[in-house]
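Chain A is fixed; fit chain B onto it per the hints.
Taken in order, these protein sequences are the chains called A and B. The opening residue of the first sequence carries number 1 in the UniProt record's numbering; numbering runs sequentially from there. The opening residue of the second sequence carries number 1 in the UniProt record's numbering; numbering runs sequentially from there.
Simulated from the structure, these hints should not be mistaken for lab results. The model shown is predicted, which means the values in this text are computed figures rather than measured ones. Idealized CB from N, CA, C, for every residue including glycine. Certain hints may be false.
Stated by the list, open to error - Below are the SDA-like pairs computed for lysine to any residue, each with C-alpha atoms no more than 25 Å apart in a straight line:
(1) B:Lys63 with B:Lys141
(2) B:Lys161 with A:Ser17
(3) A:Lys84 with B:Lys29
(4) B:Lys119 with B:Glu99
(5) A:Lys119 with B:His49
(6) A:Lys28 with B:Lys134
(7) A:Lys142 with A:His154
(8) B:Lys39 with B:Val55
(9) B:Lys141 with B:Trp154
(10) B:Lys161 with A:Lys28
(11) A:Lys172 with B:Met30
(12) B:Lys161 with A:Glu52
(13) B:Lys29 with A:Ala144
(14) A:Lys119 with B:Asp48
(15) A:Lys168 with B:Lys29
(16) B:Lys87 with B:Lys29
(17) A:Lys119 with B:Ser168
(18) B:Lys26 with B:Ser107
(19) B:Lys134 with B:Lys119
(20) A:Lys111 with B:Pro11
(21) B:Lys161 with A:Phe155
(22) B:Lys161 with A:Arg6
(23) A:Lys168 with B:Lys119
(24) A:Lys84 with B:Pro11
(25) A:Lys34 with B:Lys98
(26) B:Lys22 with B:Thr120
(27) B:Lys119 with A:Val33
(28) B:Lys26 with A:Gly85
(29) B:Lys98 with B:Met30
Claimed, not checked - Calculated from the model, a selection of chain A residues having no Cβ within reach of chain B, i.e. all distances over 10 Å:
(30) Ala7
(31) Lys10
(32) Glu11
(33) Lys34
(34) Asp43
(35) Phe50
(36) Lys63
(37) Gly67
(38) Tyr68
(39) Thr69
(40) Asp92
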Amino acid sequence: MNFKVRAARKEDCKEISRMIMELAVYEKMADQVKTSHEELERDGFSPNPFYECLIAEVPDEHKTKDGYTVVGYALYFYTYSTWKGRSVYMEDLYVMPDFRGKGIGKGLMAKVAQVGVEKQCVRLQLSVLEWNKPSLDFYIAKGAEDLTAKEGWHFLRFDGQTLDTLAKEAPKD
Amino acid sequence: MSNFILRKAEPKDVPDILRLIKELAKFEKMEEQVILTEKELLEDGFGDHPFYHCVVAEVPEDKQSSDGYTVVGFAMYYFTYDPWIGKLLYLEDFYVMKEFRGYGIGSDILKVLSETAVKTRCSSMHFIVAEWNKSSIEFYKRRGASDLSDEEGWRLYAIDKDDLLKISAKKR
Chain A
1 MNFKVRAARK EDCKEISRMI MELAVYEKMA DQVKTSHEEL ERDGFSPNPF YECLIAEVPD
61 EHKTKDGYTV VGYALYFYTY STWKGRSVYM EDLYVMPDFR GKGIGKGLMA KVAQVGVEKQ
121 CVRLQLSVLE WNKPSLDFYI AKGAEDLTAK EGWHFLRFDG QTLDTLAKEA PKD
Chain B
1 MSNFILRKAE PKDVPDILRL IKELAKFEKM EEQVILTEKE LLEDGFGDHP FYHCVVAEVP
61 EDKQSSDGYT VVGFAMYYFT YDPWIGKLLY LEDFYVMKEF RGYGIGSDIL KVLSETAVKT
121 RCSSMHFIVA EWNKSSIEFY KRRGASDLSD EEGWRLYAID KDDLLKISAK KR
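Extracted from the complex, chain A is given alone in its bound form (with noise of 0.2 Å):
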């Protein structure tokens, strides 16, 4: 199947939108997901922009049910190591289930990939859900380590009532 990878444009927001949400169900927390496109949008296209997104289209006559062409995308940022120096951090690579097994998400990650060496990037760094082994196989084929098994990392965070009961202790200047 002919498709495309490409960079996302502030009008492919909607579409992000949707296929994060589908893969937020796919992971059983689709109730986390707040944020809307409109935010997307600022947050991805504004002059310091938080992300970068690739987008993967097919051509119209293999379109989704619902009428989509955009069937893919990949999300990613870039990092920094204090012993490497850059890295780039994939947050999400999703393809939709009909459009699986035909090299999309391959493609995806291979233009993540590129992107990253042209960066002087020392590493992609990705996070995985312990249950969820098709996308370790994925991953794993492609070279990935586990550092959590191999190193014992742990993903820690302070959110919500938390975060801001530590700002309002913060010194004075």
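Quick look at chain B alone, frame taken from chain A:
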């Protein structure tokens, strides 16, 4: 000793930042993995498009460390994006020299970063900790941090440069 200040890092702080990065890596038993240089830190943090932001803790001259340093702690952070909730503040490194612990420097750094997160419209502050690092995990959990790896099953994966080159070169 309650005399210390927290301030935004400046280019002149780069040698101290690298020194502290190496001290922290040594504590994490990964000293040989630090390949970053002062030149890269300078370019990447103080150029046109910074890849990171940094806060340093400084003590007055008369309170300098046994080796004569006045920059005794740092935190490096940057902004990331969660498609579900938007902007996040990601805490990459956070370290206070051993002889300056117990004076509230670490606590204050965390509070200043939380304030930055709230002011810049971040919903959350994220970071990673090695599971054997019990004292750090306790420090964070006492302040309300949740462990997403335990609670939700998230695992960190990395693909290195050689494999990235292979992936990006494959033709469809």
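Indices of hints not satisfied (ascending): 1, 2, 4, 6, 10, 11, 15, 16, 19, 20, 25, 26, 33, 34, 35 and 40
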